[in-house]
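S.K.: Got chain A sorted already, so can you dock chain B with the ligands onto it with the hints?
Chains A and B, in that order, are what the protein sequence lines are.
Note that full-length UniProt numbering numbers the first sequence so that position 304 is 304, with each residue one more than the last.
Note that full-length UniProt numbering numbers the second sequence so that position 76 is 76, with each residue one more than the last.
Hints are supplied without guarantee of correctness; some may be wrong.
[Unchecked claim] Computed list of chain B residues with no C-beta within reach of chain A, every gap over 10 Å: (1) GLY27; (2) GLU52; (3) MET94; (4) ALA125; (5) LYS151; (6) GLN221; (7) THR345; (8) LYS346; (9) GLY348.
[What the hints assert, rightly or not] If you only want the chain A side, here are some residues facing chain B, beta carbon under 10 Å, derived: (10) ARG72; (11) SER74; (12) ASP91; (13) GLN95; (14) ARG104; (15) LEU156; (16) PRO157; (17) MET162; (18) LEU182; (19) ARG244; (20) VAL314.
[To be verified] Per label pair, the in silico range of CB-to-CB distance: (21) B:ASP222 - A:ARG249: 48 to 58 Å; (22) B:MET329 - A:LYS64: 30 to 40 Å; (23) A:SER83 - B:SER56: 34 to 44 Å; (24) A:LYS64 - B:PRO157: 56 to 66 Å; (25) B:ALA297 - A:ASP17: 37 to 47 Å; (26) A:ASP103 - B:GLY70: 42 to 52 Å; (27) A:THR44 - B:ASP363: 57 to 67 Å; (28) A:ASP103 - B:GLY81: 20 to 30 Å; (29) A:LYS160 - B:GLY180: 38 to 48 Å; (30) A:ALA317 - B:SER56: 28 to 38 Å.
Keep in mind the hints are simulated off the structure, nothing from the lab.
The beta-carbon is built from N, C-alpha and C at its ideal position, and this holds for glycine as well.
2 protein chains.
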Amino acid sequence: MPSSLQPASITHVSLGDRSYDIHVTSGAAGDFAERVTRAVPDLTHAVIVSDEAVLSDWAAPLAKDIADRGIRVSSLSIPSGESSKSIAQFDRLMQWMLSENCDRRSVLIAVGGGVIGDLAGFAAASFTRGIRFVQVPTTLLAMVDSSVGGKTGINLPGAKNMVGAFWQPSLVLADTDVLGTLPERSFLSGLAEVVKYGVIDDAPFFGWLEANATKLVARDQDALRHAISASCQSKASVVGADERETSGRRAILNYGHTFAHAIEATAGYGTLLHGEAVSIGMQMAARLAIALKLCDAGLLDRQTRLLEACQLPVTLASADVDAMLPVMMKDKKVAHGKLRFVLPTKIGHVKLVDEVDESLVRDAIHNCA
Amino acid sequence: MPSSLQPASITHVSLGDRSYDIHVTSGAAGDFAERVTRAVPDLTHAVIVSDEAVLSDWAAPLAKDIADRGIRVSSLSIPSGESSKSIAQFDRLMQWMLSENCDRRSVLIAVGGGVIGDLAGFAAASFTRGIRFVQVPTTLLAMVDSSVGGKTGINLPGAKNMVGAFWQPSLVLADTDVLGTLPERSFLSGLAEVVKYGVIDDAPFFGWLEANATKLVARDQDALRHAISASCQSKASVVGADERETSGRRAILNYGHTFAHAIEATAGYGTLLHGEAVSIGMQMAARLAIALKLCDAGLLDRQTRLLEACQLPVTLASADVDAMLPVMMKDKKVAHGKLRFVLPTKIGHVKLVDEVDESLVRDAIHNCA
Ligand SMILES: NC(=O)c1ccc[n+]([C@@H]2O[C@H](COP(=O)([O-])OP(=O)(O)OC[C@H]3O[C@@H](n4cnc5c(N)ncnc54)[C@H](O)[C@@H]3O)[C@@H](O)[C@H]2O)c1
Ligand SMILES: NC(=O)c1ccc[n+]([C@@H]2O[C@H](COP(=O)([O-])OP(=O)(O)OC[C@H]3O[C@@H](n4cnc5c(N)ncnc54)[C@H](O)[C@@H]3O)[C@@H](O)[C@H]2O)c1
Ligand SMILES: [Zn+2]
Ligand SMILES: [Zn+2]
Chain A
1 MPSSLQPASI THVSLGDRSY DIHVTSGAAG DFAERVTRAV PDLTHAVIVS DEAVLSDWAA
61 PLAKDIADRG IRVSSLSIPS GESSKSIAQF DRLMQWMLSE NCDRRSVLIA VGGGVIGDLA
121 GFAAASFTRG IRFVQVPTTL LAMVDSSVGG KTGINLPGAK NMVGAFWQPS LVLADTDVLG
181 TLPERSFLSG LAEVVKYGVI DDAPFFGWLE ANATKLVARD QDALRHAISA SCQSKASVVG
241 ADERETSGRR AILNYGHTFA HAIEATAGYG TLLHGEAVSI GMQMAARLAI ALKLCDAGLL
301 DRQTRLLEAC QLPVTLASAD VDAMLPVMMK DKKVAHGKLR FVLPTKIGHV KLVDEVDESL
361 VRDAIHNCA
Chain B
1 MPSSLQPASI THVSLGDRSY DIHVTSGAAG DFAERVTRAV PDLTHAVIVS DEAVLSDWAA
61 PLAKDIADRG IRVSSLSIPS GESSKSIAQF DRLMQWMLSE NCDRRSVLIA VGGGVIGDLA
121 GFAAASFTRG IRFVQVPTTL LAMVDSSVGG KTGINLPGAK NMVGAFWQPS LVLADTDVLG
181 TLPERSFLSG LAEVVKYGVI DDAPFFGWLE ANATKLVARD QDALRHAISA SCQSKASVVG
241 ADERETSGRR AILNYGHTFA HAIEATAGYG TLLHGEAVSI GMQMAARLAI ALKLCDAGLL
301 DRQTRLLEAC QLPVTLASAD VDAMLPVMMK DKKVAHGKLR FVLPTKIGHV KLVDEVDESL
361 VRDAIHNCA
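Pulled out of the complex, with its shape left as it was, chain A reads as follows (with noise of 0.2 Å):
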């Protein structure tokens, strides 16, 4: 790549002709358009599709640079929150693209977090029967977690993510500059998703982030940019392995997610962002694991210190054991009327496992309380 750019770290997502680069740069985002069309062939036109948060800092500016290079573009901003996930919203999302005469060759830039990523990764996988897409996260969550992998898709009235593809972008832009606005609580929510990685996949990262915490709570660019590849490079692994989530392996990635969604389900809409139910749900997960002599206590101790020094919660005294458990028996993740769990049996490796006895599950639940 010629010196014109700045240097960036590039994660390659395996995955045959679908295969392609997650960029992770700081103070780069000027750059941005450049690396769009490098990575896009035959760039026409661009449809920007962003987080009305984030349109004037970050969607207009980019809007702005591939217009100066020629190249047609339309934009639309899409209201903040996870109520635009809706079938409205990807109605009006590809009326509005026909109005705007998109085709097959139109390339479609998803600027914001995963409620972005997400409708327009859906609306990119059905426009023609799917065009290309770019995934330009604006979260931390987004930029770890929901922009890799091709999972897009929108929200049944009570039922999240029922209807959607598998559709991969073509590049993933995630710039830590652009970072800067996102609220405090926002951001510390997705370093749960960050710590995940650690533990599920990546013992030398868990020790890097012990090391490292007080710096990636005070935003430092360096540390950052680090966490992100490092997350990037596990999610990437994982759904190399089983991009279509049919081998059982995409399964390790909800680590603590079972006991999580119960939180969120229970816990009244809105009280607890998903990366702070992620960190009790992986705190509840290991206690699960100790119970199970999976692991020893050690981990727990490590784990609960890293979630402390990332400001995440790891406890949770309101915890509704007799309304989680009915909610974990819905979840995707029971086998056959029985809970399984994906659990650690030490830092860097999980397990899954079936057929968890409910009254060590209660002990779990109220042991976090």
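M.R.: This is chain B with the ligands only, laid out in the frame that chain A set:
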């Protein structure tokens, strides 16, 4: 296959791990439940989506046969007609599937013509990012064309098939008995696509059609089974070479269609059925090929006689050249502002021709008036 099943002519669609069989039978609808359970492993929940016009004759008996095997069945009927290929019906179908507790292991069975196959196929592609599905085509067009090849989708206001997915079925079950209730015009219209396969891909089949057109028009079961199987074989081989319409090979299926779409758009909605427009469109294409010295006049003669024997229109007195041309220019098959056509060189062979002079196109349309 054990003798308990009536014999079927089976066409294999070869698409790697997305391969599947098309069974063409007569009087074997009573076997459909058995065929589905054999082809689709671990069937525990069947979701039957049918055109209301075939609900009582074909969908309800199939639902009963499957339920009699101890398999849970959910059934929904969809209003007949192109307007059901909408986001509104898609939304309704998704919410209904959720309310029926569908999950990733559910199998969707589409019973109907191209409208139901396209809508239900897109629903199958999208529900939890993709569930298995089976096509039970009930129109001739669906048996020889829309149920084979994995194109699914819905319309946007003013634009057909703009939203969808490539999603292959696990099995296609076409029984000629089901055509018994199909109105005459719809049946004959489907024959236009059958003739198309002869011209573009299969000269011996074209000869067979010339010898058997009378039997086909009389809906002779043996003749119909052969015609449907041969058509599916042609389509399967084209689709196998170009599953996602990227290499250009799949474009040959559009023989006659550039003209046909312009006819349909300008003749007034509902004046002509799709196959009738394709019949006239193939005549225009053959005339254009002659003018370009790609083939001799004998091809047009044979094609004309065969289409007439199938009781299909071969001229259009009201053809409005000035209205048709702008529509053709907007067609997806226009390359860089120049008209692109699929044109015959001899029976069984076509080629893609770019940069055709507008005056020759005008003549071809005029000469079919
Ligand atoms: N596709 C996947 O694999 C995957 C994985 C995990 C989560 N998800 C989905 O991701 C979604 C959550 O993503 P999220 O946490 O990014 O939420 P989000 O997209 O709703 O963003 C959170 C909030 O931050 C605002 N925001 C975004 N970027 C900003 C910035 N740079 N500065 C200031 N404000 C900004 C948004 O307007 C929003 O209010 C959920 O819908 C979840 O289902 C998808
Ligand atoms: N997916 C593809 O590759 C592909 C290819 C070609 C066409 N198509 C689509 O297919 C659709 C047209 O399909 P179609 O021609 O089957 O139309 P259709 O599905 O609308 O069926 C035509 C009519 O026949 C009725 N009908 C269906 N089966 C019947 C039966 N056995 N007896 C009596 N009535 C019956 C229907 O209710 C309807 O009124 C269009 O939307 C077109 O875009 C898709
Ligand atoms: Zn998560
Ligand atoms: Zn057609």
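S.K.: Each hint needs a verdict: does it hold in this structure or not?
M.R.: The hints, checked one at a time:
1. Against chain A, the non-interface label of GLY27 (chain B) holds: every CB pair exceeds 10 Å, the least being about 36 Å.
2. With 10 Å as the threshold on Cβ separation, the claim that GLU52 (chain B) sits away from chain A holds: the shortest Cβ distance comes to roughly 23 Å.
3. Chain A draws MET94 (chain B) into its interface by the beta-carbon criterion, the shortest separation being 5 Å against a cut-off of 10 Å.
4. For ALA125 (chain B), the requirement that its beta carbon stay farther than 10 Å from each beta carbon of chain A is not met, with the minimum near 7 Å.
5. The beta carbon of LYS151 (chain B) is not kept farther than 10 Å from every beta carbon of chain A, the shortest such distance being approximately 7 Å.
6. Even its closest Cβ contact with chain A, about 35 Å, leaves GLN221 (chain B) beyond 10 Å, as expected for a residue assigned away from the interface.
7. Chain A leaves THR345 (chain B) outside its interface by the beta-carbon criterion, the shortest separation being 27 Å against a cut-off of 10 Å.
8. At roughly 31 Å, the least C-beta separation between LYS346 (chain B) and chain A is larger than 10 Å, which holds for a residue marked as non-interface.
9. No Cβ of chain A approaches the Cβ of GLY348 (chain B) within 10 Å, the least distance being about 29 Å, so the stated non-interface status holds.
10. With 10 Å as the threshold, the beta carbon of ARG72 (chain A) stays out of range of chain B, its nearest partner Cβ sitting at about 15 Å, so the hint is violated.
11. The beta carbon of SER74 (chain A) is not positioned within 10 Å of any beta carbon in chain B (closest approach about 15 Å), and the interface hint is therefore violated.
12. Given the 10 Å rule on beta carbons, the hint for ASP91 (chain A) holds: about 5 Å separates it from the nearest Cβ of chain B.
13. Hint status for GLN95 (chain A) relative to chain B: holds, with the closest Cβ pair at about 6 Å, below 10 Å.
14. For ARG104 (chain A), the shortest C-beta to C-beta distance to chain B is roughly 8 Å, which falls under 10 Å, so the interface hint holds.
15. Below 10 Å, beta-carbon pairs count as interface contacts, and LEU156 (chain A) has one with chain B at about 5 Å; its hint therefore holds.
16. At about 7 Å, the closest approach between the beta carbon of PRO157 (chain A) and any beta carbon in chain B falls short of 10 Å, and the interface hint on this residue holds.
17. For the restraint placing MET162 (chain A) at the interface with chain B, the shortest Cβ-Cβ distance is roughly 6 Å, inside the 10 Å limit, so the hint holds.
18. Hint status for LEU182 (chain A) relative to chain B: violated, with the closest Cβ pair at about 28 Å, above 10 Å.
19. At about 8 Å, the closest approach between the beta carbon of ARG244 (chain A) and any beta carbon in chain B falls short of 10 Å, and the interface hint on this residue holds.
20. Below 10 Å, beta-carbon pairs count as interface contacts, and VAL314 (chain A) has none with chain B, the closest being about 32 Å; its hint is therefore violated.
21. Against the hinted window of 48 to 58 Å, the Cβ-Cβ separation of ASP222 (chain B) and ARG249 (chain A) comes to about 50 Å, which satisfies the hint.
22. Our hint of 30 to 40 Å for MET329 (chain B) and LYS64 (chain A) holds, since their Cβ atoms are close to 32 Å apart.
23. Restraint check, SER83 (chain A) to SER56 (chain B): a C-beta distance of roughly 40 Å satisfies the suggested window 34 to 44 Å.
24. Take LYS64 (chain A) and PRO157 (chain B): their Cβ atoms lie about 31 Å apart, and the range 56 to 66 Å is violated.
25. Checking the proposed 37 to 47 Å range against ALA297 (chain B) and ASP17 (chain A) shows it holds: the Cβ atoms sit about 44 Å from each other.
26. Our hint of 42 to 52 Å for ASP103 (chain A) and GLY70 (chain B) holds, since their Cβ atoms are close to 48 Å apart.
27. Separated by about 33 Å at the C-beta atoms, THR44 (chain A) and ASP363 (chain B) break the suggested range of 57 to 67 Å.
28. For ASP103 (chain A) and GLY81 (chain B), the Cβ-Cβ distance of about 27 Å falls inside the hinted range of 20 to 30 Å, so the restraint holds.
29. Separation of LYS160 (chain A) from GLY180 (chain B) is about 45 Å and conforms to the stated range, judged on CB atoms against 38 to 48 Å.
30. Take ALA317 (chain A) and SER56 (chain B): their Cβ atoms lie about 59 Å apart, and the range 28 to 38 Å is violated.
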